[in-house]
Amino acid sequence: MNAEDWESGWLDEEAGPVVRPYAITGGRVDPAGFDLIAHVVATVDDPARGQTPEQRAILAAAARPCAVVEVAAIVDLPLGVVRVLLADLHADGLIERYDPPSTPDGPTEQLLQAVIHGLRAI
Amino acid sequence: MASGRSDRAAVPQALKILVAGGFGVGKTTLVSSVSEISPLRTEEVLTSAGEETDDINGVETKRTTTVAMDFGRITIAPHLVLYLFGTPGQDRFMFLWDELASGSLGAVVMADTRRLADSFNVIDYFERRGTPFMVAVNCFDGVRTHTSTQVRTALDLEQHVPVVLCDARERESVKEVLITLLEYILRTGGASATK
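For the protein sequence lines, the chains are A and B, in the order given. In terms of this note's numbering, the first sequence opens at residue -10 and continues consecutively. In terms of this note's numbering, the second sequence opens at residue 270 and continues consecutively.
Some hints could be false.
Straight-line C-alpha distance at most 20 Å; calculated SDA-like pairs for lysine to any residue [said to hold, decoys possible]:
#	chain 1	residue 1	chain 2	residue 2
1	B	Lys444	B	Leu424
2	B	Lys444	A	Arg109
3	B	Lys444	B	Val430
4	B	Lys444	B	Val433
5	B	Lys444	B	Arg397
6	B	Lys444	B	Arg384
7	B	Lys444	B	Ala279
8	B	Lys444	A	Gly107
9	B	Lys444	B	Glu427
10	B	Lys444	B	Leu434
11	B	Lys444	B	Leu349
12	B	Lys444	A	His106
13	B	Lys444	A	Pro10
14	B	Lys444	B	Arg383
15	B	Lys444	B	Glu368
16	B	Lys444	A	Ile105
17	B	Lys444	A	Tyr11
18	B	Lys444	A	Ala49
19	B	Lys444	A	Arg17
20	B	Lys444	A	Ala103
21	B	Lys444	B	Ser417
22	B	Lys444	B	Arg456
23	B	Lys444	B	Asn390
24	B	Lys444	A	Gly69
25	B	Lys444	B	Leu455
26	B	Lys444	B	Thr344
27	B	Lys444	B	Glu305
28	B	Lys444	B	Glu312
29	B	Lys444	B	Ala337
30	B	Lys444	B	Val336
If you're looking for bench data, these hints aren't it; they were derived computationally from the structure. These numbers were taken from a predicted model, which means no experiment stands behind them.
Just need the whole structure built from these sequences, with the hints factored in.
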């Protein structure tokens, strides 16, 4: 194995993340509690200025409405990390956030019927 | 330019159902059978809150542990999307569950008749929390060696809790499982107990 192979080869997936996950967030943990299935949408097409690569990846994933949990899977970062970064982006006005409706009384009969009907049809 | 690009109507209403059960019982298989996307995986790093219960015996040098959650998506209608979350069933991951259960329609507890005891803690959790749940017995090999009645008795379930035998690999079978859960919630109004 030559030096180049060594350099490119030792940081494979098995090595795990090179940067410890929460280093990306400056050690901060989830402040705002984005729900797993809350949807986020980027507000700008070209978020070129001042964002970290991770933030840019998140904005790209959220070019269309995308659930928080899907964003995390797409950018391949732990959920907690993604939530911190989303909170920053939201504070900067770069994403819109749509929380699932609060349903203290549970889903309505109409909603349940719609899901049953939809499942039968797929 | 920084606002108004997205159309609120384009953001679907998102719902979730939990798919819980012991290790290797077929949660991800079930999710992938009905999901329109290959099940995606997301990870969470165990933080200090989880440290006490995180068993790192024998892995002295490892300071963090990640918990993987697999999930899938079914677009019910353009404005309605259902997410299925395969959740780790081990006790030490319970800290994740409150969030997952919160606002969920309900849960499918997957059971393997060879290891029914693996389902106990999951069932206890949903009973305590008041989350509507059903039990789906995954018949891996297509051989139904136990009846649903036997499983109900073994798991000491209330009569109203649905127990079905399923094949997690079969889309139609999984659809029936989900429909059974939803009809149960509809019938019992059980969803009102989900907090």
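Now the hints, each set against the structure:
no. : hint                : in the structure
1   : B:Lys444 x B:Leu424 : 23 Å, violated
2   : B:Lys444 x A:Arg109 : 7 Å, holds
3   : B:Lys444 x B:Val430 : 18 Å, holds
4   : B:Lys444 x B:Val433 : 12 Å, holds
5   : B:Lys444 x B:Arg397 : 27 Å, violated
6   : B:Lys444 x B:Arg384 : 24 Å, violated
7   : B:Lys444 x B:Ala279 : 26 Å, violated
8   : B:Lys444 x A:Gly107 : 10 Å, holds
9   : B:Lys444 x B:Glu427 : 23 Å, violated
10  : B:Lys444 x B:Leu434 : 12 Å, holds
11  : B:Lys444 x B:Leu349 : 17 Å, holds
12  : B:Lys444 x A:His106 : 11 Å, holds
13  : B:Lys444 x A:Pro10  : 37 Å, violated
14  : B:Lys444 x B:Arg383 : 24 Å, violated
15  : B:Lys444 x B:Glu368 : 25 Å, violated
16  : B:Lys444 x A:Ile105 : 9 Å, holds
17  : B:Lys444 x A:Tyr11  : 39 Å, violated
18  : B:Lys444 x A:Ala49  : 33 Å, violated
19  : B:Lys444 x A:Arg17  : 41 Å, violated
20  : B:Lys444 x A:Ala103 : 14 Å, holds
21  : B:Lys444 x B:Ser417 : 18 Å, holds
22  : B:Lys444 x B:Arg456 : 18 Å, holds
23  : B:Lys444 x B:Asn390 : 25 Å, violated
24  : B:Lys444 x A:Gly69  : 31 Å, violated
25  : B:Lys444 x B:Leu455 : 16 Å, holds
26  : B:Lys444 x B:Thr344 : 13 Å, holds
27  : B:Lys444 x B:Glu305 : 13 Å, holds
28  : B:Lys444 x B:Glu312 : 27 Å, violated
29  : B:Lys444 x B:Ala337 : 24 Å, violated
30  : B:Lys444 x B:Val336 : 27 Å, violated
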